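A.B. asks: As a plain string of letters, each chain reads:
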Amino acid sequence: MKRTRTGRAMMTGAVALGLVATAGLIGAWTTFDRGEGGSFIADDLRHFEPFDVIAPSSLDPGERLIAELNCIACHAAPKEIADRLDSKQAPNLGQVGRRYSPDYLRAWLADPHKVKHGAMMPNLLTDIDGPMLSRMAEPLVHFLVSLGGLAAQTETEFDETEVNRGRILYHQVGCVGCHAPLESPAVLNPTLKPTGDDPYGAEPVLSETIPDGATRHVAPLGSFAHTTIQTLTELLHDPVAVRPSGRMPSMNLSEDESRAIATYLIATDVRKDPAAAVQAPFTLDPTKAASGERMYAQLGCANCHRMGPNRTDILPQRPMPFTGLLDLKKLDQGCLAPRPEAMTANYNLTEAQRQAIRATLRTVKSLSKPLTDAQTIDRTLSAMNCYACHQRDGEGGPINARRAYFMTVGEAELGDEGRFPPPLTGVGGKLRTAWMIETISKGAKVRPYMATRMPAFTTLNTESLAAKFEKVDAPCPVEDLPPMAFSAQLAADGRRLAGTGQGMSCINCHSIRGSKPIGEPAMDLVSTHERLRSDWFREYLLDPAKLRPGTRMPNHWPPDQANPFPDVQDGDPNRQIDALWAYLSQGEFLALPEGVPEEGGYEILVRDEPVVFRTFIKGVGARAIAIGFKEQVHLAFDAEQCRIKGIWRGAFLNASGAWAGRGGNTTDAIGADAVTPADEFPFKLLIPNGDLAMTQPEPQFRGYRLDDQRQPILEYQFGDWLIDEQPLPIVRPSAPDLRRIFDVHLAPGKVSSSGLAFVVANGQKIEMTGRDQFNVDGKVVYDLRYPDTAVAKVLNFQDADHLVLFFGNTNVRQAHFELEMTW
Amino acid sequence: MVRTMKQSAIALTMLLLGAAATASAMQQPLGPKLDYVKKATREETRKATIAKYLPAGLDYGPWWIIGPFENAGSGELDRIYPPEQDGFKPDAVYKGKRGVEVKWEKTDFLDNSAMDLHVFGANPADDVFNEDVACYLYREIRIDEPATLKVRMGSDDGMKVWHNGRVIVHADELRGWDADQHVVDLHLEAGVNTILAKVINHQVGYNFSFGYDNPLDPMLDAKLEYQLDLDFPRSPEDLYYRMLTIPVPQDIVLEVGGMDLLEDGRPAISTRRGEVWLVNNAYGDPPFDATFTRFASGLHEPLGLAVRDGAMYLVQRSELTRLVDEDGDDRADRFDTVYNGWGVSGNYHEFAFGPKFDRDGNMWVTLNLGFCGGLGKSIVPWRGWALKITTDGQMTPVCGGMRSPNGIGMNAAGDMFYVDNQGDWVGTCPLVHMEPGDFCGHPGGNQWYDLPDVPGDNPGKPYAGPNGPVPKHEAARKMPSLKLPAVWFPYGRMGQSSADVVCDMTGGSFGPFGEQIFVGDQTTASIARVYLEKVDGKYQGACFPFRSGFDCGVNRMCWGTDGSMFVGMTNRGWGSLGRKPYGLQRLVWTGKTPFEILEMKAQPDGFDLVFTEPVDPQTAGNAASYTMKSFTYFYHEPYGSPEIRNQQLAILGAVVSPDRMRVHLLVNGLREGFVHELSAPGVTSANGAPLLHSEAYYTLNHIPDTPVASAAP
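First to last, the sequence lines map onto chains W and Y. With the working numbering, letter number 282 in the first sequence gets 369, and the count goes up by one each step, no holes. With the working numbering, letter number 98 in the second sequence gets 128, and the count goes up by one each step, no holes.
This is chain W alone, in the form it adopts within the complex:
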């Protein structure tokens, strides 16, 4: 079922070029396809929704089709049936002219299903073509354009930053729960690319075969080459203003985020097919528009579509009265005919779907009975496609082809718990109703590590839905739960349990009131009391894996083991849970527990002996060795390049990068008053004429040793030479300085004939200021001590001065020299 993007792009392109070439009013009917081929409704009735959401078997597929297609907009039904169906409403058209180009509207009217596979709108102009089609459709186009005014030209230039931002957002925040991904998951994680181990393939997967053999389709996505960034931004920012039934929920996108996604979607289509963005000239003809308005009312458009805010709806006119839903008898005619006649609404139904509708209509009276609470839940989860992200009672959850798009933000190693929205099995027994209402109607933000967002379903009656969840899932209403004990002592004990030291170390993984967790950034516990029912909290803590199989949360009261905290609440797990609850119930006012890491709380003080500390140091590298002296001068040596990369004074370093949390983070070591030696490995191999050898050996770090005073001596090898480098502090009245002592000798068994030099410093201007004394850029003064056989020279090349010690052009066997750095 996989179709390559290239293939589709070529097809669309070819047709679109045809459109431009003929430039006729009707001309070619463009295919603006983005879905899969075939009907928008899958064959398998369990997966009958327009974009193949899961419908639990408790739901009657015929009824769901009648509701989703809004049959009762024409075939009137009594209130109780209408209430039960809660039919999906068509988009508001008040601004439609502004949102789509006339070309697009024209193509759409001619056959919506051709433009957008999966479109719910019936084709009302079935079997009409040629001049007749033009005569009927064109006034409608003018009328629609008059709603909101003529759309602006689609953009053809795009801000690349916006496009990239939109690309990430589109694939990450949850759009691809329902809609097709446009790119492989590698867009979210570039590291997937180089090793080629992306198990989902480089091609986006638009549909997949689910275990029971049916093919799941994706929510239709029209071409965006016929709209504008501004109008698409508005739609994404507030989808319900246009689509009143909330099937497309608000993803809580900011205006900026909406614009980025809009830019990405439009850029993608326009770049693929630049011609599609070129709109034919159009002049709005008020006469045609007026005639279109009459047709709009007569054709039945007004039966389904409203105008939305700030515009009066047009009332339907019924030149051909529709039979009421209860009185429908000829169930194989009209819309339900295998091939609907001209001017009949053609929904492009499959035979299986027609059968399902007929079956329901045969017992249509049973629709007068309200749905049970459980059915209402199933129906809502199905209609809103909650199942795209959530599982409930074994149904739903991200399909395999989409799993890779569900990601964790940052480096949180939380496994599937960190990337997949939580299961909804038993959710009414877990969450407090007020929290459910809040979450469903406004979205949720309690899982900051989860990239996918919980949308805001603003159109749902969330009070009623939350109540139903509670009724179906919970043992009793939340108000009937026995009150949880609270006392200052319980809260204090809970605080102790939450902390490290003498507690259960909840803060090892959880943040509390914004605190930084020591390890994993699991959910902040501050909202526990607001979110969770106390009975669920207790049951969960006593056996987490029972309620969330596979969870990383361990069981803190394993059976067969004595309570680890016998002195807290008499070692009674239930009362210890009371204590945790009491503590967390203080919400924003709770005092943080013991062990919450303090920023920068790991200062290493150098007291007596020098401190050698190996860690990741910013600007030095992953093999850095910091050496601190009590004289308050310190340095960082890179054991990879075997050279000092920074020397500073004052505070030594803070080990929090290595010691806080999981460690392994970079330490910002190089402190105040910093100076840097030559920015290269200082030893150089010379050839007999005194020039640098073409190839210089890589230095090899060999370790370090501590002398009698525990002063470190660094050891490394350069070619045939072994080098000992000892940094030592110099105590001076104003500030400490540094002496560096080098001892170079041949490695055992080596007989070198090469020459050797040492680059002391590089600078813009190096001046000799005394005997063997040099001032580098007015910042550092070097005093050199070296053997008589060696020479110190300032050379100028490559626009810089270089202070170099030459030990001889050949046969250097050993050298001992010292540098004093004063700054």
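Watch out, some of these pointers could steer you wrong.
Not the full set, but computed from the structure, chain Y residues with beta-carbon under 8 angstroms of chain W [what the hints assert, rightly or not]: (1) 178; (2) 186; (3) 232; (4) 233; (5) 235; (6) 257; (7) 261; (8) 265; (9) 331; (10) 366; (11) 371; (12) 607; (13) 608; (14) 609.
Covered stretches of chain Y, going by a simulated chain W footprint (3 or more residues, C-beta under 8 angstroms) [said to hold, decoys possible]: (15) 205-216; (16) 372-384; (17) 518-530; (18) 655-663.
Keep in mind that the hints were calculated from the coordinates and are not lab data. As the structure is a prediction and not an experimental result, all values here were calculated from the model. Cβ coordinates follow ideal geometry from the N, Cα and C atoms, glycine included.
Given chain W's structure and the hints, the job is docking chain Y onto it.
C.D. replies: Structure of chain Y alone, referenced to chain W:
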């Protein structure tokens, strides 16, 4: 309810085995002796013992309370009411707030906990009598001789406290309660001392507390806990394997990363903070005279340590280092880089583990993948690999495909194993036999197979199955070098994050599990036991619960000279069960043999179970005493795997051997590649004891074609 039943089962087991007898094992600790008072329960014993450390004749009288008096919040703490003038007169009656009559009432308020003072009016929710009020609390403290007690007081809201009529606390505040708001040295006079406290409340919380510290210093307290553990075991496991907690001085953060014994028997411990500590007197029982010597510091997260030929080898993030103490002062003075050829990108997750020596004197090192976007990646050389390095720095790559290989160990036959951690491409933690050219399953480091002189071929992209992911044993049919774990540790039940592998070569000093493997677990603070056998030339076998309830996540283990096991712990960054954030314990066999399944061996038609003690033929020979199910795991990129393709297996028969040490289980429906989970709660020993652990998990990679002879136990 379940809990209660389990606890009584523990009690019964303890009774059967004569728990109290172990107390005689105690030797007198050094330092001050503990004045121990044994009572019927652990808590009573603790209280009675602590009481011995209080000043002579110290007796805290009950708290009395009187109120409410009118008090409009802050600023009125000093407004005087009669009890303040009259002192404690139990029969006096005064006019309180709104003219109600108030008199002193005796309470059952407890010290060391926050007293809830919402006690006035008809019900505690009665705001009039519990808000904007003041009350007085009174108690007497008797003592024989003058003494100084440190007490901790707190209140919500403000309070004023008098000791023998002298103000010792004055806090005119609106505040929440905390136990330590006022820490005061109370100079008690001989005889009766009086404490009067006035506590005001503006709104909501209304509390007072009066607490005093445990009079036992940390060392005496540790001694008390030691004795309590002997007399009142925390778990039935204590009867066979005792945990001795070696006290760690407060200024040492002993987050154990590596551990081995020096030639003189002292444990050397490297820590995550980069220090190496030598533990002197580590073998004491009780362990209170242990002391710590800092051998080295400033190393980069050394997560392994091995001692050989007078030198200490340890792995830092960036290199394998030899530490030498040349002058014999117990402090390292040489830090030689033995090998630093693996890459370090700076990614936090690039941990390095090892070394462990093999029989030929090679050091084995395993290298974690880095984490990029939550998935393991090998962006620098040898990440995800096991390397073999000689003491002079010659490196040979062995095998790749590792994710987070926190533990290496050698079995009795000299073969090398490692444990991995659940995550991407690792369905649950496994124990894996490492052989040259193996691919252990994580493709993150596959590119290094392409380097010259590397054993094995690049296994390529993992086999993904025609319809979604498949179990590892099915993928292995398409990927010849894909190594199947010898043992899977089912997530949750057998730990959640494996750490370290040690083999019992103690010759029986550690109990009946000679030559078996022990694997630590960081999250669940426990140790699992593993029995391995070779079927079709490959290792496979079973894991069993062994010991749980350590103080913190188990990260390293090593054998003491006496055949006890040192257990090093840490949980920073990866939460664990237990009471402490790090520490060192020693696990000592008590000499009693637990009734356990010693070995579980695969047979063509089921399994042979070998027990540590003769079984009761009645229960052990009853097929209904056993249940078995089997399941396996997905081999796929997402984190971990659910247990898939679950199947309940029928036990067709259970045949007890003539010596009653073995049972042959006939099982219907064995499946290769599946974990076979055995539960045998009904089996008892010849003297009626239940199994200490009735679960076993056999990873059946291969079903033997012919019956496997049982080795003599």
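A.B. asks: Sort out which numbered hints this structure fails and list those numbers smallest first.
C.D. replies: Checked against the structure, the hints that fail are numbers 1, 3, 4, 6, 7, 11, 18, while the rest are satisfied.
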